[in-house]
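The lines below spell out each chain.
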Amino acid sequence: MKIFLNKTVATFILLLAINFVHSQEVLSRISVSGNSFVKEDGKIVVFRGLNTSDPDKLERQQLWNKSYFEEMKHWGANLVRFPVHPTAWKKRGKESYLKLLDDGIQWAGELGMYVVIDWHSIGNLRTEMYQHDMYDTDKKQTFDFWRTIGKKYGKNTTVAFYELFNEPTTYNNELGTITWEQWKELNKEMIGILRANGGEGIPLVAGFNWAYDLTPVKDSPLDVEGIAYVSHPYPQKREKPWEEKWTKDWGFVKDKYPVILTEIGFCGPEDPGAHSPVVSDESYGDTITNYSDEKGISYVVWVFDKEWAPRLYIDEKYTPSRHGKYFKKKLQSYKY
Amino acid sequence: MKIFLNKTVATFILLLAINFVHSQEVLSRISVSGNSFVKEDGKIVVFRGLNTSDPDKLERQQLWNKSYFEEMKHWGANLVRFPVHPTAWKKRGKESYLKLLDDGIQWAGELGMYVVIDWHSIGNLRTEMYQHDMYDTDKKQTFDFWRTIGKKYGKNTTVAFYELFNEPTTYNNELGTITWEQWKELNKEMIGILRANGGEGIPLVAGFNWAYDLTPVKDSPLDVEGIAYVSHPYPQKREKPWEEKWTKDWGFVKDKYPVILTEIGFCGPEDPGAHSPVVSDESYGDTITNYSDEKGISYVVWVFDKEWAPRLYIDEKYTPSRHGKYFKKKLQSYKY
Amino acid sequence: MKIFLNKTVATFILLLAINFVHSQEVLSRISVSGNSFVKEDGKIVVFRGLNTSDPDKLERQQLWNKSYFEEMKHWGANLVRFPVHPTAWKKRGKESYLKLLDDGIQWAGELGMYVVIDWHSIGNLRTEMYQHDMYDTDKKQTFDFWRTIGKKYGKNTTVAFYELFNEPTTYNNELGTITWEQWKELNKEMIGILRANGGEGIPLVAGFNWAYDLTPVKDSPLDVEGIAYVSHPYPQKREKPWEEKWTKDWGFVKDKYPVILTEIGFCGPEDPGAHSPVVSDESYGDTITNYSDEKGISYVVWVFDKEWAPRLYIDEKYTPSRHGKYFKKKLQSYKY
Ligand SMILES: [Mg+2]
Ligand SMILES: [Mg+2]
Ligand SMILES: [Mg+2]
Ligand SMILES: [Mg+2]
Ligand SMILES: [Mg+2]
Chain U
1 MKIFLNKTVA TFILLLAINF VHSQEVLSRI SVSGNSFVKE DGKIVVFRGL
51 NTSDPDKLER QQLWNKSYFE EMKHWGANLV RFPVHPTAWK KRGKESYLKL
101 LDDGIQWAGE LGMYVVIDWH SIGNLRTEMY QHDMYDTDKK QTFDFWRTIG
151 KKYGKNTTVA FYELFNEPTT YNNELGTITW EQWKELNKEM IGILRANGGE
201 GIPLVAGFNW AYDLTPVKDS PLDVEGIAYV SHPYPQKREK PWEEKWTKDW
251 GFVKDKYPVI LTEIGFCGPE DPGAHSPVVS DESYGDTITN YSDEKGISYV
301 VWVFDKEWAP RLYIDEKYTP SRHGKYFKKK LQSYKY
Chain W
1 MKIFLNKTVA TFILLLAINF VHSQEVLSRI SVSGNSFVKE DGKIVVFRGL
51 NTSDPDKLER QQLWNKSYFE EMKHWGANLV RFPVHPTAWK KRGKESYLKL
101 LDDGIQWAGE LGMYVVIDWH SIGNLRTEMY QHDMYDTDKK QTFDFWRTIG
151 KKYGKNTTVA FYELFNEPTT YNNELGTITW EQWKELNKEM IGILRANGGE
201 GIPLVAGFNW AYDLTPVKDS PLDVEGIAYV SHPYPQKREK PWEEKWTKDW
251 GFVKDKYPVI LTEIGFCGPE DPGAHSPVVS DESYGDTITN YSDEKGISYV
301 VWVFDKEWAP RLYIDEKYTP SRHGKYFKKK LQSYKY
Chain H
1 MKIFLNKTVA TFILLLAINF VHSQEVLSRI SVSGNSFVKE DGKIVVFRGL
51 NTSDPDKLER QQLWNKSYFE EMKHWGANLV RFPVHPTAWK KRGKESYLKL
101 LDDGIQWAGE LGMYVVIDWH SIGNLRTEMY QHDMYDTDKK QTFDFWRTIG
151 KKYGKNTTVA FYELFNEPTT YNNELGTITW EQWKELNKEM IGILRANGGE
201 GIPLVAGFNW AYDLTPVKDS PLDVEGIAYV SHPYPQKREK PWEEKWTKDW
251 GFVKDKYPVI LTEIGFCGPE DPGAHSPVVS DESYGDTITN YSDEKGISYV
301 VWVFDKEWAP RLYIDEKYTP SRHGKYFKKK LQSYKY
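Residue numbers (my numbering), protein chains in the order written: chain U, 1 to 336; chain W, 1 to 336; chain H, 1 to 336.
Looking at chain U on its own, in the form it has when it is part of the complex (with noise of 0.2 Å):
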């Protein structure tokens, strides 16, 4: 039988089919219950996820698209990252940079994959001192783009994270000083603005050691609610064992707070870009992952990109590296 459907018709059904697709993209907002984080229906989600490169970079690189997508989801990602660096979204305009973050927000949705948005900086946000001039931004800039993700983004249920600042760090007080009370008053400032422009998502508040350390949790967390707790624990940040001090350093804050590990990763020794703290081996993978199931603690390994280390993948097939394969088969393995 053969099947003519006049134009009004096929608008219809094709309305129908894009509604379809929309209904599945509309993910169930992730909140704060207790120390852990829940759907809509109150069941617990544990995520684990891989981190994109800087969609500038991507972009610039024409890789910025849904197959990049899909090969994460592929990979076993229910959560993706995007690295903001302060000085690409100063470049590329905000405008610009905004429909990256649209794209990509609109890709890992329909997939099924919830989204991380990191302000990618690394230093000390009270002098505005930073690792590295790519890393350099001012309060207000900070604030301003806190402002603009929360209006723009608040209601849309991709969107489960605001990762308020990357790595704080003194580095050794390089940078100049701040204090524990002293973040926690900018992190506060960043989510009264988040919250009071419309973001309904999860702020997430990292320690100072480039995020490895949250140790003052134990005695003087943020007194605002519906908050987790980040640390970068990446190999070299102690030695081993690692789960005992691992407890003690930022651990111990999933008794009382959910806690996600924004980055963990390895390189060995031999791979392009192989530096401290990232140098280690499987041993690295299996105890992290471990201590991280263990505990309900969700981790987001980094990074997908085949030029940053430690890379995931190493040519443009996506096929992966050392740290990919033993990432991908993980990732690969859990049934949610």
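Don't read these hints as lab results, they were simulated from the structure.
A few chain U residues facing chain W, derived, Cβ under 8 Å: (1) LYS140; (2) PHE143; (3) ASP144; (4) ARG147; (5) GLU189; (6) GLY192; (7) ILE193; (8) ALA196; (9) ASN197.
Coverage of chain W stretches by chain U, computed from C-beta distances (three or more under 8 Å per stretch; other residues unrestricted): (10) 119-130; (11) 160-174.
Every residue gets a Cβ at the ideal spot worked out from N, C-alpha and C, and that includes glycine.
Could you slot chains W and H with the ligands onto chain U? The hints should help.
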């Protein structure tokens, strides 16, 4: 009879005439006495004035000239307020903008009208976040503006008022936080800078909620002499009946300190640019002017322009709008 | 006898020679002991030096060369001070300016003279307001400057001193307010940054009133070891007789801490550029040098330039001015 003047006599007469005009220009210095503005002879003055639009805009439209000031005088204004947008100040350049102010102050003074210089930003000076990019400034630029104004016009008696910051607001915390104590400290810094640089005019201090709310003044006024407080009680800031609410929100301040409403006005709902909180009718005009007159509160109507809203006139002949008809009649009715 | 050297031997000798010259350059590290500056062997040093003008200016005039340093050495200086204007630092660019400093430090060291690197701003670093646009800077740039200097010259023993901020002043509050406690905190931040970045030289801390006034040090010194205090006691800061007043204003500090007068000097009233507070005569020279010598206070004369005032020489042959004649003779008279 035909008169022949030789050149010397003509010059002499010309100089006399100039001197006469000039002596007319020197207005009595306005100062604060108790809860009032007074002239040098101690006589209380109540101001009823008009807001110009930004002198930069008027100059670009070739409207920044003496006839514009003559028209405001004709409407009954004894005070004019110049809203200097920080971005216009920056774009035009300090030297060039000061020439506009020179002219405006000169024309106003020649016509016996006093001047408010108003740093026309809207937002949170502490976090340096603003309602719109056109209001963008920072503490450094703001302090430098008042240093410049103090130095340049501090002894000029026509410049009666320095309105330190037009409309402080956190925009319901979208622009971050600022406490009343922090706001007081910023105002004291600006007042200190003005006075150290020779500013003998009266600093005007506004409260939060777009310069509407002065309730914190009850318990925590600035510990500085010789200042006045500002409110912008547009009609929709409160529901009718207004009087009691106004008294609680800002009117009570007049019991102790001088108060000036540097922006009042209304649009009919049909008028171009009608927007919350300015939509109302002549009943607002009656209420706010009666309220002010009873208490001896000064006011300045927004805005003597044919494009900005609520506009007071509608064409190049200064034909009054509905709003303009109301206030032209009202201002012309005062017997000083 | 004719000697033939083969290439290897020639290179060896060359290296020896370079090494010899180099070993001459390595000056003993200066540190603080009690209220004195000492060399590594514990021997007290008192400095009598000369201010260069801004290296950027000298280079543009093709005067930034070794003969300029040889002349200062010939005049008897054992210390030279480089006033780095923030705006010159910015305009020339960090990398290019550092090359000037590299050369100057090298030449000074070869001649056995120590160096003060002086961040030559005048004003209020807290409000970021300055006496003149050429002194414009902000906290971020200032912190970054000292981070850069600490990293680059921290181990270089020729660079004995870091003068954190040339002349702090509120200009009688025209530049806003700053308390002594706020000023101490800014200095401590800068000292911390310098030291964390490897700066082993001695930080120099100035007081208010254009670096004249150290009275707050009596009750509230910085709680930091290994620093010295600065005064700029130009002749007209106080009326004659000076000694008692100087002791009360800054001289008393030498009872506990090292003191260095990084700017002294005078103009006759007839000299070019004569301005308050520098107008005086040789009696000032006698008084300030006797006062300093008696107490073991170091000093640096302003300024080894033929255009800036008070100038020390008047032409390209380094012919001394009246001021120069006085101090050339004085500096040459010391037996170290
Ligand atoms: Mg990292
Ligand atoms: Mg508000
Ligand atoms: Mg307004
Ligand atoms: Mg001072
Ligand atoms: Mg000086």
